[in-house]
Amino acid sequence: MNSKELGKYYKSLLKEVDERLEKLCSREKEEEFNKELERNGFTRRDFLKWASFMTAALMLPPAFESRVAKAAAVKERTPVIWLHMAECTGCSESFLRTREPDIATLIFEQISLTYHDTLMMASGERVEKHLNEAIQRYKGKYICIIEGGIPTKDGGIYLRIGTKGETGLERARKVTKDAKYVLAFGTCAAFGGVQAAYPNPTGAKGVRDALGIEVVNVPGCPPNSVNMVGTILHILLFNKVPPTDLLYRPLWAYGSRIHDYCERRAHFDAGEFVEEWGDEGAKKGWCLYKMGCKGPLTYNNCSRYRFNQGTNWPIGAGHGCIGCSEPDFWDKMAPFEEPNEKAEIRIPGGKGVEATSDEIGSFLAGATAAAIGIHAVGSVIRAKAEKTVKKESE
Amino acid sequence: MMAKAVNSNNNQKSHLVIDPITRIEGHLRIEVDVKDGKVSNAWSSGTLWRGIEPILQGRDIRDAGLLVQRICGVCTWVHYEANTMSAEVALGIRPPTNARLIRNMINATQFMHDHIVHFYALHSLDWADVGGALKADPVKASELAHQFSQTPYNASVDHYKEVIEKLKKFVASGQLGPFSGAYLGNKLYKLPPEGDLIVISHYLDALYVQVVLAQMMAIYGAKNPHPQSLVVGGITSVMDMLDAKRLGQYTSKLEQVGEFIQHAYLPDIDLITHFYKDEFVEGWGCGSYNFLSYGGFPETNDWKAEYRYLPQGVIYNRDLSKAEKVDERHITESVAHSWYKGPNKGLYPGDEETVPEYTGLNPDGTVKGEGKYSWVKAPRYKGKMMEVGPLSRLLVGYVLDHNNMREMLEMFLQKHSADVRQMFSTVGRTAARALETAYIWYGAHRWVDDLVANLAQGDERTWTRFEYPEEETNTSVALYEAPRGSLAHFVRIKGKKVTHYQVVVPSTWNASPRDEKGQRGAYEESLIDLPVPDLEEPLEILRTVHSFDPCLACAIHVVDVDSGKVKKFKVEV
Chain A
1 MNSKELGKYY KSLLKEVDER LEKLCSREKE EEFNKELERN GFTRRDFLKW
51 ASFMTAALML PPAFESRVAK AAAVKERTPV IWLHMAECTG CSESFLRTRE
101 PDIATLIFEQ ISLTYHDTLM MASGERVEKH LNEAIQRYKG KYICIIEGGI
151 PTKDGGIYLR IGTKGETGLE RARKVTKDAK YVLAFGTCAA FGGVQAAYPN
201 PTGAKGVRDA LGIEVVNVPG CPPNSVNMVG TILHILLFNK VPPTDLLYRP
251 LWAYGSRIHD YCERRAHFDA GEFVEEWGDE GAKKGWCLYK MGCKGPLTYN
301 NCSRYRFNQG TNWPIGAGHG CIGCSEPDFW DKMAPFEEPN EKAEIRIPGG
351 KGVEATSDEI GSFLAGATAA AIGIHAVGSV IRAKAEKTVK KESE
Chain B
1 MMAKAVNSNN NQKSHLVIDP ITRIEGHLRI EVDVKDGKVS NAWSSGTLWR
51 GIEPILQGRD IRDAGLLVQR ICGVCTWVHY EANTMSAEVA LGIRPPTNAR
101 LIRNMINATQ FMHDHIVHFY ALHSLDWADV GGALKADPVK ASELAHQFSQ
151 TPYNASVDHY KEVIEKLKKF VASGQLGPFS GAYLGNKLYK LPPEGDLIVI
201 SHYLDALYVQ VVLAQMMAIY GAKNPHPQSL VVGGITSVMD MLDAKRLGQY
251 TSKLEQVGEF IQHAYLPDID LITHFYKDEF VEGWGCGSYN FLSYGGFPET
301 NDWKAEYRYL PQGVIYNRDL SKAEKVDERH ITESVAHSWY KGPNKGLYPG
351 DEETVPEYTG LNPDGTVKGE GKYSWVKAPR YKGKMMEVGP LSRLLVGYVL
401 DHNNMREMLE MFLQKHSADV RQMFSTVGRT AARALETAYI WYGAHRWVDD
451 LVANLAQGDE RTWTRFEYPE EETNTSVALY EAPRGSLAHF VRIKGKKVTH
501 YQVVVPSTWN ASPRDEKGQR GAYEESLIDL PVPDLEEPLE ILRTVHSFDP
551 CLACAIHVVD VDSGKVKKFK VEV
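Going down the list, the sequences are from chains A and B. Per the working numbering, the first sequence runs over residues 1 to 394. Per the working numbering, the second sequence runs over residues 1 to 573.
Keep in mind the hints are simulated off the structure, nothing from the lab. In this text, a Cβ means the ideal position worked out from N, Cα and C, and glycines have one as well. Be aware that a few hints might be false.
To be verified - Cβ-Cβ distance ranges computed for the label pairs, FRET-style:
1) E263(A) to D327(B): 44 to 50 Å
2) K325(B) to K283(A): 38 to 44 Å
3) E280(A) to N404(B): 39 to 45 Å
4) T251(B) to S66(A): 35 to 41 Å
5) H274(B) to N132(A): 37 to 43 Å
6) E214(A) to E370(B): 42 to 48 Å
7) A456(B) to E280(A): 18 to 24 Å
8) E407(B) to A270(A): 45 to 51 Å
9) E407(B) to I213(A): 39 to 45 Å
10) K38(B) to D46(A): 51 to 57 Å
11) K38(B) to E214(A): 47 to 53 Å
12) D364(B) to G212(A): 29 to 35 Å
13) T251(B) to D46(A): 22 to 28 Å
14) K325(B) to K129(A): 47 to 53 Å
Said to hold, decoys possible - Pairs of lysine to aspartate or glutamate residues, derived as EDC-like cross-links and limited to a Cα-Cα distance of at most 20 Å, are as follows:
15) K168(B) to E338(A)
16) K283(A) to D243(B)
17) K169(B) to E30(A)
18) K494(B) to E30(A)
19) K169(B) to E31(A)
20) K283(A) to D459(B)
21) K129(A) to D364(B)
22) K322(B) to D419(B)
23) K497(B) to E470(B)
Whole structure, please, built from the sequences with the hints as guidance.
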């Protein structure tokens with residue numbers, strides 16, 4: 001796509017968004033929202049700063065900032081049903097630690113978290129009734145978020161929920177059937193996750209594989225709250241799911257590798273590596289590739305946004321990336337403290353990445369080719385991703 | 001009906017099924033028989049099995065910690081650390097002083113985070129009524145808040161007005177979100193409307209405090225949830241450790257959190273203790289049983305139990321005259337009533353050979369109470385069931401007069417003109433968690449001071465080198481404390497590989513089903529005789545079950561596929 005086409009595309013996208021927002025917004029609603037901000041101790045400026053951060057995170061041009069702000073302020077709350085399958089609740093926990101908590105609380109109030117096991121106040125039959133009512137009332141309108149893998153072995157008996165002892169599989173099928181969008185939050189819901197690691201005793205699968213339905217995957221163990229909130233915002237804004245790669249991950253978040261934007265990248269290029277935990281290189285912040293860092297193999301935006309409001313991230317804290325947003329990372333990326341060339345990688349019916357640090361050049365070229373293959377999906381954002389990859393191989 | 005009631009033949013008796021129990025981590029079902037308005041029998045059933053342990057088999061020992069922390073997205077760090085400690089026991093090494101202190105500092109954020117999030121997000125709505133808060137008078141609320149603290153947290157009249165307005169709008173919108181289906185106005189709520197408002201306004205403040213605590217963990221831990229700076233032999237965040245700015249961030253956030261603990265959390269507990277006085281009695285929501293603590297936060301590099309910040313001990317039959325030392329050889333697990341194959345007796349976790357055996361539910365959807373009915377196993381110490389968690393630790397600390405724990409509890413009891421035996425209750429368990437939060441907050445200051453002193457001596461070591469064993473090691477155990485209670489990881493290693501792995505977590509103790517002798521677990525035992533005046537809204541049951549801070553994600557992790565026998569023990573700690 002050349003720049004002229006790109007401009008045209010953004011223009012049509014803007015028009016689309018404006019039309020949608022026109023329908024949803026009104027001056028009164030916006031004023032009300034501004035008052036609410038004030039009551040929460042935020043200025044309009046704070047809010048716009050946040051909107052501009054989210055716009056950049058979503059890889060949209062600055063013209064979209066005001067629209068992101070507007071979308072967040074829309075008062076018609078989109079119902080969300082959040083289901084827990086086989087998981088550790090880490091994704092919910094991460095979601096709760098969203099950037100700018102009080103503004104996030106407002107966002108939280110924009111979506112109506114109609115059902116969420118961990119946060120619901122009532123228990124038992126009352127919750128069951130509430131869930132069924134929500135499905136009926138918002139039929140075809142709600143977003144279904146699933147956290148956790150779905151056990152499928154032996155008819156799914158390893159997870160039963162509710163007074164009737166429904167299996168996780170039955171429950172997920174019931175709730176996703178009438179959902180407008182299904183989002184798989186976390187690596188478990190996207191690809192099966194930790195319980196699906198070899199030998200996968202419960203036959204756990206990601207939502208797409210278990211149910212055979214369309215989903216947007218937002219993997220990570222857990223995903224950064226930016227990626228979860230951003231995906232929801234994208235839907236509020238465009239009324240459709242964001243462009244994704246072949247693993248159904250939004251390109252705005254998973255379009256480039258950890259390695260591409262890593263703060264230690266210069267040390268990689270200079271051949272300066274940490275050789276042992278706590279050595280002089282570790283004190284100086286050198287590259288962790290030899291300590292097993294999987295940044296070169298992992299598509300995610302951690303190196304740009306870090307975690308917990310930018311406080312830190314694994315490579316910042318001196319530990320290599322473990323590739324937690326990639327399918328089967330527990331098997332394919334292990335052992336985590338050794339570069340892949342030495343690994344006994346357990347990949348069903350395949351072989352591992354064959355590269356040694358001596359062959360690092362060809363190793364990277366290989367990864368680049370794979371990257372282009374994976375991301376060969378027609379979209380504007382793809383153009384950006386390709387540009388990044390190309391620049392690197394030049 | 002309520003949860004779901006299934007009438008039995010006996011006219012006076014109803015059977016109540018509560019599933020899902022919400023506001024917990026993981027999947028839990030509670031079933032009770034109610035006779036003459038009181039619980040006469042109870043069953044606790046974990047309804048998810050994930051099978052983490054067979055997954056660990058044959059993995060690189062250095063990967064095990066990252067994997068086991070995925071047992072739970074809340075307790076992350078403690079599993080990560082307990083796993084790493086058990087590996088270090090097996091390898092015969094200890095991390096250097098700096099690593100021990102940084103680990104304690106990270107673990108302190110884990111404890112404070114868990115306790116505050118548990119009390120406000122998951123438990124406070126059992127005590128405070130949203131319906132009451134809507135009717136509260138902001139002026140009176142501010143006065144009430146000042147009765148329980150000289151400088152209460154966010155307690156101005158204007159602030160309370162805003163909170164009420166916020167709640168009203170929420171209710172008026174018709175989309176209640178998490179408050180949907182709440183037991184608004186239930187008569188089992190005992191706070192005055194102004195008390196409801198104070199607690200619920202702190203519920204909203206806590207949403208912010210937990211973000212600060214997560215940031216504190218990330219300073220040296222990389223991120224939260226699922227930190228990533230711990231390795232066998234030490235820690236990786238040496239750059240952060242040497243950066244004075246990082247320490248400044250940690251301590252200033254610690255003060256921010258301290259504000260909340262001192263002026264919101266502790267006064268709220270006093271408020272609840274005051275108005276729920278009729279439930280602050282011995283035995284209300286607490287069985288006549290035993291209490292266990294392994295001890296946590298090592299304060300010496302050899303991890304000696306007597307020098308840990310949280311104490312070690314066992315208390316039998318509510319006897320507060322003595323506490324016995326823990327010997328991990330007395331820990332067993334029974335699967336008589338759990339969905340696993342196994343002999344009809346308890347086995348040491350290094351000896352277990354366990355295979356899932358799901359026997360299903362009754363045709364009416366209830367659990368088969370006489371047979372197998374849970375994915376949770378039944379751990380026992382010397383064959384006895386135990387409660388673990390903040391109440392156990394506080395009581396052991398009280399009995400042993402450990403650090404200033406006895407003094408701390410006595411001050412609290414004095415304030416409420418209460419006897420220590422009243423702590424054997426749901427209110428006592430909830431208060432113990434709050435007192436512990438303050439105790440850990442003090443501890444964090446201590447470790448910061450120790451770290452500064454050690455660095456000042458020029459010691460920058462963060463990692464201990466080690467060799468991999470050619471022969472399979474003995475079963476090696478690290479006994480540790482998680483926020484929810486006693487945690488033990490059992491491991492054997494050969495070369496770089498894990499050859500045996502077993503975890504016995506806090507919620508396995510507390511949520512345990514019956515064992516082969518028919519002894520009930522702690523939830524089950526604590527529910528007996530609780531009044532349930534309204535089968536539609538079993539608030540009392542939820543209040544007691546939630547007071548344990550159930551974490552079922554942790555409790556049902558696991559099955560051990562290794563059939564190898566323990567050769568001998570490696571006794572540590």
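Outcome of the hint check:
no.	hint	result
1	E263(A) to D327(B): 44 to 50 Å	holds, 48 Å
2	K325(B) to K283(A): 38 to 44 Å	holds, 41 Å
3	E280(A) to N404(B): 39 to 45 Å	holds, 42 Å
4	T251(B) to S66(A): 35 to 41 Å	holds, 40 Å
5	H274(B) to N132(A): 37 to 43 Å	holds, 40 Å
6	E214(A) to E370(B): 42 to 48 Å	holds, 45 Å
7	A456(B) to E280(A): 18 to 24 Å	holds, 20 Å
8	E407(B) to A270(A): 45 to 51 Å	violated, 57 Å
9	E407(B) to I213(A): 39 to 45 Å	violated, 59 Å
10	K38(B) to D46(A): 51 to 57 Å	holds, 53 Å
11	K38(B) to E214(A): 47 to 53 Å	holds, 51 Å
12	D364(B) to G212(A): 29 to 35 Å	holds, 32 Å
13	T251(B) to D46(A): 22 to 28 Å	holds, 26 Å
14	K325(B) to K129(A): 47 to 53 Å	holds, 50 Å
15	K168(B) to E338(A)	violated, 56 Å
16	K283(A) to D243(B)	holds, 10 Å
17	K169(B) to E30(A)	holds, 16 Å
18	K494(B) to E30(A)	violated, 64 Å
19	K169(B) to E31(A)	holds, 16 Å
20	K283(A) to D459(B)	holds, 13 Å
21	K129(A) to D364(B)	holds, 18 Å
22	K322(B) to D419(B)	holds, 17 Å
23	K497(B) to E470(B)	holds, 10 Å
In summary, the structure is inconsistent with hints 8, 9, 15, 18 from the numbered list given earlier, while agreeing with the others.
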